[in-house]
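Colleague: As a plain string of letters, each chain reads:
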Amino acid sequence: DAMVIQNPRYQVTQFGKPVTLSCSQTLNHNVMYWYQQKSSQAPKLLFHYYDKDFNNEADTPDNFQSRRPNTSFCFLDIRSPGLGDAAMYLCATSSGTGVYEQYFGPGTRLTVT
Amino acid sequence: QKEVEQNSGPLSVPEGAIASLNCTYSDRGSQSFFWYRQYSGKSPELIMSIYSNGDKEDGRFTAQLNKASQYVSLLIRDSQPSDSATYLCAVEINFGNEKLTFGTGTRLTIIP
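Residue numbers (this note's numbering), protein chains in the order written: chain V, 4 to 116; chain Y, 11 to 122.
So that you can see chain V by itself, here it is in the shape it has in the complex (with noise of 0.2 Å):
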């Protein structure tokens, strides 16, 4: 079945130490994003590829950066994370054809110590 994967499922980082969140897709879909979920909060929005377009929300600590190798694979780093970064991280993706429907992947539950 075609779908998204996230690696690992729960994280747990210490304050400070980098650590990096993996996406993969097998739908083929151009766009794949990364949220920021906490708890009884919207998802936001942390930054999007189109194909190997990147886009940045305004409000994205710099101290969050994201990385597209090829259309499977894309990956969020944290590059010294706080305690307020313990979240739910979800990736997900959409086919960037005009039809805006997004699926996601199981989320990765971030912990930081």
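Derived from the structure by calculation, the hints contain no laboratory data.
Note that this is a predicted model, so its numbers are computed, not measured.
Any given hint could be a false lead.
[To be verified] One-sided excerpt, in silico: chain Y residues whose CB lies under 8 Å from chain V:
1) 44
2) 49
3) 108
All residues carry an ideal CB built from backbone N, CA and C; glycine is no exception.
Take the given structure of chain V and dock chain Y to it, following the hints.
Modeller: Chain Y in isolation, oriented as in the chain V frame:
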């Protein structure tokens, strides 16, 4: 005014009844509207999309769109305990930028 607004709930509905969830949006030019279901601790799951005024039915779910009044709703018929979740309304804001804006969600509880 928030771009996408939903009643946060919680909304409690008896099993077998109709659950009605509402969403309003600010961008009159929006063309695409979605409902996602999110179970506690899980990721959002797309359950309905609607693009034209009127009703769209899929099983026990009906999405309703009224662009003139800038609202979209989701009806769940014959509510089941498994429908207990948070329902997120998502709207394409600023046509063409490939982004969705999400509401904060309505928490729905189906009472057996």
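Colleague: Against each hint, give a clear statement of whether it holds in the structure.
Modeller: Tested hints:
1. Because the beta carbon of residue 44 of chain Y sits about 7 Å from the nearest beta carbon in chain V, less than 8 Å, this interface hint is met.
2. At about 11 Å, the closest approach between the beta carbon of residue 49 of chain Y and any beta carbon in chain V exceeds 8 Å, and the interface hint on this residue is violated.
3. Checking residue 108 of chain Y against chain V: minimum C-beta separation of about 5 Å stays under 8 Å; hint holds.
Hint compliance for this structure: hint 2 is the single one not met.
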